[in-house]
Structure formats: structure tokens, C-alpha cells
Amino acid sequence: MKRYQDIPGDGGSDVPGQVEAHQARLKRRMAAVRHKVAILSGKGGVGKSTVTANLAVALARAGQRVAVLDADLNGPSMATLLGVRGVRPVLCEGGVLPAVGPLGVKVVSMDLFLAGDDTPLTWQGPSQTEAYLWRGSMEVNALREFLSDVEWGALDFLLLDLPPGSDRMANLAGLLPDLSGGIVVTIPTGLSHLVVRKAIALAREVLKAPLIGLLENMAPGPCPRCGEASGFPGGADSASVAEAVGIPFLGRVPFDPRLASAADRGLPLVLAHPEAPAAAALAQLAADVRAYVEWRAAEAPARGEG
Amino acid sequence: MKFLCVACDAPMALESARGPEAGSITAVFSCPACGRQVAMLTNPFETQLIKSMDVRLGGPAGPPEPLGFLTSALGSGKGEGDASGDTGTGPGCPFGGMVAAMGSGVGREEDGTPDGPLWTDEAAERLNRIPGFVRGMAKKGIEQFARERGYPRITGAVMDEARGALGM
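Line by line, the protein sequences give chains D and S.
So that you can map any letter, position 247 of the first sequence is 247 in the working numbering, and since no number is skipped, the others follow by simple counting.
So that you can map any letter, position 161 of the second sequence is 161 in the working numbering, and since no number is skipped, the others follow by simple counting.
Only chain D is shown next, with the shape it has when bound in the complex:
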């Protein structure tokens, strides 16, 4: 009697072929994107999404074609941060049109697909407990579809705002093997540094891309309103963390309460208050990131990737 290995194929479903077709669609779509940059942090609440939104707009202001994919499916915030909340994605011939935020920044976020403010992300399943068990693979498929089915068009930058924690990095690496790099965001506290260092270690292991550097958000500085010192008093030094783990330090974004208020209005600080020191720091971040990815792209042939 024949054994499993003696029978070629799978009886007609061609499951490997279907999976390959998914990958091929993704690759075709992403071919029009020059640089894919992930923004990550092991720690929640460090302002990663706010940094992403401001970085996107700062890059767009520098003439780049930019899109943001909110990869935080369970805690989506990018639609609010970029002022497109309530916009419903529209079907087009090539897929789904993204929402368009300030300066033409394209946005896709799970927020655009959920029914209302109080609607959490849940997946179908025999029961919610079982659906929860499968959430990892469901989320990967959702991300893959966002990447491959959205009509992103030709882009200079696609920024991926990852959820807090480290558990989605491997998914991203599987979907985007040609990721240009990752930006790690921290705040100047020992606790954040402790968690972020773990995320950096894991990112080095799983991401098939370099870490562009470590950015300190909510850095100490004078309050733009009253001039009093604000931020974390006696905060820990993020530059020394970057040095210790051997990645570049991307600078400090001073604490500015207007970052949050501008974010709530869907207007990133770099547009709402371009004169603010925090906005200047974010603009510098955009310039540095752009210089980095363009340098790496120029060096790609020498690395045998060209």
C-alpha cells in the first residue's frame, strides 16, 4: 500500500501553491515601495505611534511619498493621529484605496475597518477563547492583506508602526524580508531601557534588517508654555543605552504637551508647531532616517543585493 510520501500533491487543493500566491501578490505590491521602515519598542506608552505620525509628515514635507501602516491591530491609533478617523476605505480596481492624511500621507489602520469607537478587534472562531488562540496567524494574514491588497502606489517610504512588545517582529520579518531598517523608541527611564534592550536583542535576532537607531522620546526640556523643566526628572540616559548595545543614537525629542494635543486633533506637531524644539528633533529624525536608508540602498550592490 502506498505511503503518504508516495502520493504527490495534496489531492487537489494545492495549499503550498495558494500560500505562494499570497507571497507573490505581496512581493508585487511591495516592489513599488523603496524603503520600508519599522518603528518599534518593547515598551508600550513611549509615544511610538506619535513619533511614527510625525516622522511620516516630516518625510512628506521633505518631498517624499509616504504611507503608514498601523501594524498595531489591537490598539490602532494612526487614523486618529493623522486625522483620517472615520474615513472608510474604498475598493478600486487594484485593491483598496488607503485614507489620505496631511501632506498626502497614506494611511491604513485597523481603526478604519472596525464598526465603532468601542469595537475591539476580534476574530471569528468556534468560540472567542479558541479564536484568541489563533490570533497570531489571523493577525499575520491581516497584515499581509494590508500590505498586498492596499493600492499604496509608488512610495519612497512605508512606515510600519508595530504594536508594543516584541512578539510581532518575527511576523513582520516573514512578510517583509527586504525591510530597510527599524527605529527603536524609548523614554528616558530605567524601566523603559530595561524592556527596550530586550526588544533590541530580539530584533537583531529576528528582523532581517539593521536597526537604524534608538530614539529617546519625552526627553527632559523646558516646558514650551511656562519654561519650567519638564519630562522625567533625573531621567536615565538613552544615549548610553544605545552605545552599550551598539546601535546609533538618533537623538532626543523633548517632552512637549502639545504633541499629545496636536495628535488628538489629527495634526502632527511638525505641522501644528513646526517651530517647537520637539518638531525640530522629529524633522532631524526624518532627515537622518532618509540619509540612512538612501545610503544603505546605494551600498546595496556592494553587499551583493543590487
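It should be emphasised that the hints constitute simulated quantities derived from the structure, not laboratory data.
Take the hints with a grain of salt, since some may be wrong.
[To be verified] Mimicking BS3-like on lysine-lysine, the simulated pairs with C-alpha atoms at most 27 Å apart in a straight line are:
# : chain 1 : residue 1 : chain 2 : residue 2
1 : D       : Lys208    : D       : Lys198
2 : D       : Lys208    : S       : Lys140
3 : S       : Lys140    : D       : Lys198
4 : D       : Lys2      : S       : Lys140
5 : D       : Lys208    : D       : Lys27
Model, not experiment: these values are computed from the prediction.
With chain D fixed as given, assemble chain S onto it according to the hints.
Relative to the frame of chain D, chain S by itself:
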């Protein structure tokens, strides 16, 4: 999963697939030799596995629908499961291992630093193309790489070698 007709010792072919309905997919296989048919009925766990892979038994029903998986797999958002289960449809940082330092000066061949390898003009020019916030670390790393191998000069070829070794 494959099905074998025991009488004919022939692999059975997928005839049709239906569902998911009430958390189960029905797939009918038939023997191409004798025509015998069997039906496979998936349990909810198996159905979920297939759904989670975003594949269909029997192959795709047609051209892919944009966001087809997402629109079919999202829950009701009310915190309750859908009882039917119906879908309807050089790893790591390139600068790891480098000694962290943020200096940006480049020792040219004619003014080389006393304790470091000399940079040829070509190599120095390449180094200067590296973005400023990274350059210091890259320089230190390449110099250390050259020192460890006893290279007196850093040339373009040494930079290429270092890039491979350092994962840049």
C-alpha cells in the same frame, strides 16, 4: 492530508469542497480508478486551522478579493464568538560588535592617527558618505576590524570585507 483508495491503491482526488457551514468543511474525494467516494468532514479546530492559513480546500474559488481574509475573518466585535465558524469565503544590526563611539573624524593616509590604521582617500571618501549619526560607529568598527587582522591601511576592499563580517 491525503486519501488513498485501499482497493485500488490509488490516491483519491478532490471532487468538491463545501463550507464552512456550522464550523465544518465538507470535502468529497473520489478514486479515479473505481469511482468510490469518501467525504471528509472537518471539526471546528481543523476548520479554524484552514481559515487561519487563509487557504481554501479545493483551491481558490476565483481571483482573490481585496482584503478577502480580513472581511471574512473579523469577529462581530461584541466579544462573542461566531458559533458557525462560517467564513463565506548578517541578521541583526549591522553595527553590532562595533565599539560604540560617536567621533566623526577620518584619519587620512597623510595625517593618519598614531594608533589606528590609515584610511586611503577612496576609503575615506566612502566613509564620508555614511550618514553622520552612524559614521563614528562605523569608523570605529572598521578600524577595529582592520586592527584585528593586521591591515595597516583601510582600503575600499577592506571596507567591503568589514561590511560582510560586521553585517553592514
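- D:Lys2 paired with S:Lys140 [C-alpha distance capped at 27 Å]: Violated - the C-alpha atoms of S:Lys140 and D:Lys2 are around 62 Å apart, more than 27 Å.
- Message: With the threshold set at 27 Å, check whether the alpha-carbon distance from S:Lys140 to D:Lys198 stays at or below it.
- Response: At roughly 25 Å apart (the allowed maximum being 27 Å), D:Lys198 and S:Lys140 satisfy the hint.
- Task: Quickly compare the C-alpha distance for D:Lys208 and D:Lys198 to 27 Å and report which way the hint goes.
- Result: Given pair D:Lys208, D:Lys198 holds - Cα atoms ~17 Å apart, limit 27 Å.
- Task: Below or equal to 27 Å on CA atoms is what counts here, so check D:Lys208 against S:Lys140.
- Result: Holds, at roughly 23 Å.
- Message: Does D:Lys27 sit within 27 Å of D:Lys208, going by the straight-line distance between their CA atoms?
- Response: 16 Å, holds
The structure fails hint 4 only (numbered hints given earlier).
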